[in-house]
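Residue-level listing of the chains:
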Amino acid sequence: MTPKSYTDVSDQQVVVFAQEGREDAYRELIKRYERPVFSLIFRMVRDKETAEDLAQETFIKVLNNIDRYRPEFKFSSWLFKIANNITIDHLRRRQLDTISIEGAPDAITAERARATAVTVTSGGESPLEELESRELGAEIEKAIARLRPEYRACIILRHVEDYSYDEIAEIVKLPLGTVKTYIHRARQELREYLEDVR
Amino acid sequence: MIEHDFPEEFVPIAAELQRLPYMSPSRNFADNVIARIDRLQPARAVAPVVASRHLELQQGGRQAVIPRRRMGVVQATGRATAGVALIAAAAFMFFEVDVLTAILAAASTQYAFAIAAVGAQVGTLVLGPETIAYLQAGALQAVVLYITLAVGLFGGYAAIRTAAQIAKRKAA
Numbered sequence: 015m016t017p018k019s020y021t022d023v024s025d026q027q028v029v030v031f032a033q034e035g036r037e038d039a040y041r042e043l044i045k046r047y048e049r050p051v052f053s054l055i056f057r058m059v060r061d062k063e064t065a066e067d068l069a070q071e072t073f074i075k076v077l078n079n080i081d082r083y084r085p086e087f088k089f090s091s092w093l094f095k096i097a098n099n100i101t102i103d104h105l106r107r108r109q110l111d112t113i114s115i116e117g118a119p120d121a122i123t124a125e126r127a128r129a130t131a132v133t134v135t136s137g138g139e140s141p142l143e144e145l146e147s148r149e150l151g152a153e154i155e156k157a158i159a160r161l162r163p164e165y166r167a168c169i170i171l172r173h174v175e176d177y178s179y180d181e182i183a184e185i186v187k188l189p190l191g192t193v194k195t196y197i198h199r200a201r202q203e204l205r206e207y208l209e210d211v212r
Numbered sequence: 008m009i010e011h012d013f014p015e016e017f018v019p020i021a022a023e024l025q026r027l028p029y030m031s032p033s034r035n036f037a038d039n040v041i042a043r044i045d046r047l048q049p050a051r052a053v054a055p056v057v058a059s060r061h062l063e064l065q066q067g068g069r070q071a072v073i074p075r076r077r078m079g080v081v082q083a084t085g086r087a088t089a090g091v092a093l094i095a096a097a098a099f100m101f102f103e104v105d106v107l108t109a110i111l112a113a114a115s116t117q118y119a120f121a122i123a124a125v126g127a128q129v130g131t132l133v134l135g136p137e138t139i140a141y142l143q144a145g146a147l148q149a150v151v152l153y154i155t156l157a158v159g160l161f162g163g164y165a166a167i168r169t170a171a172q173i174a175k176r177k178a179a
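In order, the protein sequence lines correspond to chains A and B. Be aware that the first sequence starts at 15, since it is given in my numbering, and climbs by one per residue. Be aware that the second sequence starts at 8, since it is given in my numbering, and climbs by one per residue.
Treat the hints with caution; some may be incorrect.
[To be verified] SDA-like cross-link-like pairs, simulated, lysine to any residue; straight-line CA separation at most 20 Å: (1) Lys45(A) x Arg46(B); (2) Lys62(A) x Ala22(B); (3) Lys45(A) x Ala42(B); (4) Lys45(A) x Ser33(B); (5) Lys95(A) x Tyr29(B); (6) Lys194(A) x Asp12(B); (7) Lys156(A) x Ala37(B); (8) Lys156(A) x Ala22(B); (9) Lys75(A) x Asn35(B); (10) Lys75(A) x Thr88(B); (11) Lys75(A) x Pro28(B); (12) Lys88(A) x Lys156(A); (13) Lys194(A) x Phe13(B); (14) Lys45(A) x Asn35(B); (15) Lys45(A) x Ala37(B); (16) Lys194(A) x Arg46(B); (17) Lys194(A) x Phe17(B); (18) Lys156(A) x Pro28(B); (19) Lys75(A) x Glu16(B); (20) Lys156(A) x Asn39(B); (21) Lys194(A) x Leu24(B).
Just so you know, the hints here were simulated from the structure itself, not pulled from any lab data. A quick note: this is a predicted structure, and the numbers were derived from the prediction, not measured.
Using the sequences and the hints given, assemble the complete structure.
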């Protein structure tokens with residue numbers, strides 16, 4: 015059976031079509047997850063070009079190994095797991111864990127600073143709310159950027175992507191207790207960083 | 008919405024975290040990824056297969072027979088004459104067969120299949136196709152019978168000779 019649209023098709027079913035070599039299924043998986051994966055990676059590396067490269071690497075790795083996907087796990091968990099591994103490996107290589115909302119610390123030119131700055135889009139609030147939201151959102155982005163990469167991944171997966179502790183432990187390949195500790199510390203640090211703002 | 012497992016002070020921050028927007032990669036992100044998916048790439052050109060003298064692979068595995076080079080009439084006649092002459096000479100030298108018989112034997116051997124084909128066609132016209140088919144089937148059975156007899160005779164002879172040699176050695 016060939017679906018005309020993948021709108022109501024589950025991830026697992028789309029994966030089955032992808033395993034049959036259907037390009038439209040591959041494109042559907044990319045369409046569904048390019049933004050979450052890119053956002054997670056960007057919030058960890060804070061460089062658009064690097065985030066795009068790493069996100070591409072993630073999808074290429076996942077889709078080239080789609081036959082090895084085990085359906086007992088969520089596809090998104092598998093995808094985020096690979097994205098996290100690739101990003102952590104990159105950070106270990108580059109030691110790029112100090113970042114700023116105005117741009118990466120190594121952004122020595124205006125162009126480079128623009129490339130590494132976060133653009134926060136509005137959610138349809140009033141101009142004042144939008145401004146406050148943008149300010150708070152930007153502050154939160156700043157605060158996240160100051161966390162350790164391991165904390166960043168855990169807190170984003172928990173509070174942005176709504177994953178359970180167990181799923182996060184599976185994604186970041188850490189013991190459940192360690193994940194809980196990381197998230198607890200990340201929350202504490204975020205509260206401290208944002209105390210002045212709020 | 009995730010369950011509250013954090014202090015109340017963190018609730019507004021959690022709410023803001025959930026409102027953090029997704030960022031989009033470049034427009035050609037999907038195309039760039041798809042371009043590097045190995046299993047979606049068209050099959051690479053297959054290295055040409057070295058063909059045998061008569062066969063080669065052409066366009067997607069269709070097998071075709073390479074046409075034989077056409078042999079000229081003069082060349083064919085020359086080869087046939089040389090072949091017949093060689094066989095006749097050998098027959099004359101080693102088996103003391105007279106030249107005329109040798110030439111006829113060699114010629115008939117050389118052209119046995121052609122003669123058989125022409126004979127079958129003529130026979131079909133004269134006797135009818137059913138009769139010829141019946142004769143051909145009978146001929147085939149006769150050939151099989153002769154081959155079986157020949158193998159049996161040679162096998163039996165070889166076995167008797169081997170047994171005799173063994174007995175002779177033991178007696179010695």
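Against the structure, the hints:
Restraint check: the Cα-Cα separation between Lys45(A) and Arg46(B) comes to about 19 Å, which is no more than 20 Å; the hinted pair holds. Note on Lys62(A) and Ala22(B): the hinted pairing is violated, with a Cα-Cα distance of about 25 Å set against a maximum of 20 Å. For a cut-off of 20 Å, the pair hint linking Lys45(A) to Ala42(B) stands: about 15 Å separates their Cα positions. At roughly 12 Å between alpha-carbon atoms, Lys45(A) and Ser33(B) fall within 20 Å of each other, so this suggested pair holds.
This hinted pair checks out: Lys95(A) and Tyr29(B) have alpha carbons roughly 18 Å apart, not beyond 20 Å. For the given pair, Lys194(A) sits about 10 Å from Asp12(B) by alpha-carbon distance, which is consistent with the 20 Å threshold. Among the hinted pairs, Lys156(A) with Ala37(B) is inconsistent with the structure: their alpha-carbon atoms are about 29 Å apart, more than 20 Å. Only pairs whose Cα atoms come within 20 Å are accepted, and Lys156(A) paired with Ala22(B) is accepted, the gap being roughly 16 Å.
Restraint check for Lys75(A) and Asn35(B): satisfied, since their Cα atoms lie roughly 18 Å apart, inside the 20 Å limit. Using a Cα cut-off of 20 Å, the hinted pair Lys75(A) and Thr88(B) is violated, with the two alpha carbons roughly 71 Å apart. Between Lys75(A) and Pro28(B), the direct Cα distance comes to roughly 25 Å. Violation of the 20 Å bound is thereby established for this hinted pair. For the proposed pair Lys88(A) and Lys156(A), the alpha carbon gap of about 30 Å is over 20 Å, so the pair is violated.
Of the supplied pair hints, the one linking Lys194(A) and Phe13(B) holds, its CA atoms being roughly 11 Å apart against a limit of 20 Å. Distance check on the hinted pair: Lys45(A) and Asn35(B) sit about 12 Å apart at the alpha-carbon level, within 20 Å; holds. A C-alpha spacing of about 8 Å is found between Lys45(A) and Ala37(B), which places the hinted pair at or below 20 Å, so the restraint holds. Restraint check for Lys194(A) and Arg46(B): the C-alpha separation of about 39 Å exceeds 20 Å, so the hint is violated.
With a CA separation close to 15 Å, the supplied pair Lys194(A) and Phe17(B) stays within the 20 Å bound. Restraint check for Lys156(A) and Pro28(B): the C-alpha separation of about 14 Å stays at or below 20 Å, so the hint holds. Restraint check for Lys75(A) and Glu16(B): the C-alpha separation of about 40 Å exceeds 20 Å, so the hint is violated. At roughly 30 Å between alpha-carbon atoms, Lys156(A) and Asn39(B) are farther apart than 20 Å, so this suggested pair is violated.
For the hint pairing Lys194(A) with Leu24(B), the CA-to-CA distance comes to about 18 Å; that is within 20 Å, so the pair holds.
Violation of the numbered hints given earlier is confined to hints 2, 7, 10, 11, 12, 16, 19 and 20; the remaining hints are satisfied by the structure.
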